[in-house]
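S.K.: Protein sequence lines, in the order shown, are assigned to chains E and Z.
In terms of this note's numbering, the numbers along the first sequence are unbroken and rise by one, the last being 1227.
In terms of this note's numbering, the numbers along the second sequence are unbroken and rise by one, the last being 1288.
Keep in mind that the hints are not guaranteed to be accurate.
[Claimed, not checked] Residues from chain E that face chain Z, not an exhaustive set, calculated with beta carbons under 10 Å:
1. L973
2. A1042
3. E1143
[Claimed, not checked] Under the rule of at most 30 Å between Cα atoms (straight-line distance), these lysine-lysine pairs were calculated in the DSS-like manner:
4. Z:K1198 - E:K1194
5. E:K1103 - E:K1155
6. Z:K1287 - E:K1194
7. E:K1135 - Z:K1272
8. E:K1155 - Z:K1150
9. Z:K1272 - E:K1103
Worth flagging that the hints you see were computed from the coordinates, not collected in a lab.
From a predicted model like this one, the values you see are computed outputs, not experimental measurements.
Virtual Cβ for every residue (Gly too), placed ideally from N, Cα, C.
Spelled out, the chains give:
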Amino acid sequence: MALAKRIIPCLDVENGRVVKGVKFLDIRDAGDPVEIARRYEQQGADEITFLDITASHEGRDTTVQTVERMAAEVFIPLTVGGGIRTCEDIRRMLNAGADKVSINTAAVFNPEFVREAAERFGSQCIVVAIDAKQVSGPGEEPRWEIFTHGGRKATGIDVVEWARKMVDLGAGEILLTSMDQDGMKSGFDLGLTRAVSEAVPVPVIASGGVGTLDHLVDGVVAGKADAVLAASIFHFNEYTIPQAKQYMRDRGVEVRL
Amino acid sequence: MSSIAVIDYGMGNLHSVAKALEHVQPGVEVLVTADPQQVREADRVLLPGVGAIRDCMAEIRRLGVDAEVAEAIRSGKPFLGICVGFQALMSFSEENGGVECLNEYEGRVNFFGDNLKDQQGERLKVPHMGWNQVEQTVDHPLWQGIDNGSRFYFVHSYYVRVNNPALVAGTCEYGVPFDVALAQNNVFAVQFHPEKSQKAGLQLLQNFLNWDGKR
């Protein structure tokens, strides 16, 4: 008996519709996040991450409604990220039915926000999202920095130190994305994943770069991640979640089948 | 149609558990409430809870939920505790420097520790977060239709040890063995979140709604 490594499909949602394309073969409405989340739940996804990329305030209300609908039909944990800047944002999402919120940029600009959020809502629902880029050159000791604005702005903050600080402030989980690997489909940044996972006592979700099922295995075995997040390999039906889980189990990874 | 009071003492999100109950039994009347009258009149009572035990216990006492829980347990109607709603029934928790709990059942709530390791010596993360297997140690109406060893969703840093082994209904292991379900008379309490545990969890909630409170 052991805790299962989690597989988490991620949906990018804008104004209540999934963007970046989801092409299940037999789905009627490819853009409805609730329908897609329910499909993943039935396939055996361990959690759902919902990344809200809506810019406008009106759109935000739509997001809350989408989370409400999702929580009424999908009975696995739901994390909502994107644009979480205040305790009021968190309260709205949790009341709508989210189980966790993911804080990204707001933590970089105001680390105390993480402390305030964890004290008010509990560490178990506070995920800190870290966007990391390698800044060391070839042959140097590997080093990664926090980037904001979708990976365009460097902050000079060391990722491993930052992850430790976020946990000290109350983060209950780290969602770690390699901006170098994101969208490349060549696998997670395993050095980064392992460095952060070994540095913090809380679970780490590896994100960015999954293209094959071996990448998922590598993320938990070599990268020591507690969970793996992927979008396109599932959205485009390259692999189903049961296939991914069976593949991982066959290679000795504990999963929930 | 039966009614269920989900006791609201201001901690955490009760939306999920209410939605899950409505999903497994459409038409069931779910009252999210701290009103003693409503709790007393409901056919079933559910004590949920997330967050830190000190704040939970403070609110439980401030709102008089302690008396409501004691009354519900003694009333004989089906009672379900979830997560902190299970821990709160014990005597004492070592969280937040030590907190006296409701002492409905003798037992302690302990920290998993900073140096938790599995049998292979690999470090284990705390909180214990994710899907773990539950060993059903007794036959019980609430386990009906759920395979022994099914995985449920957990998220907690403190675990329960019940003093009287005869009250334990389920166990789990994460670095240490611990108790994840307690059953006595009309009371069932679990450490995991049935409302987030997909099929197995919904089955348990369905069983609770069908249960007459007897073994």
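S.K.: Now tell me, hint by hint, if it's right for this structure.
M.R.: Results of checking the hints against the structure:
1. L973: Given a least distance of 5 Å, the restraint on E:L973 holds.
2. A1042: Given a least distance of 5 Å, the restraint on E:A1042 holds.
3. E1143: holds (7 Å)
4. Z:K1198 - E:K1194: holds (11 Å)
5. E:K1103 - E:K1155: holds (16 Å)
6. Z:K1287 - E:K1194: Distance ~45 Å between Z:K1287 and E:K1194 Cα, so the pair is violated.
7. E:K1135 - Z:K1272: Violated: E:K1135 and Z:K1272 sit about 37 Å apart, past 30 Å.
8. E:K1155 - Z:K1150: Status violated; Cα separation ~55 Å.
9. Z:K1272 - E:K1103: violated (39 Å)
Violated hints for the displayed structure, listed by number in ascending order: 6, 7, 8, 9.
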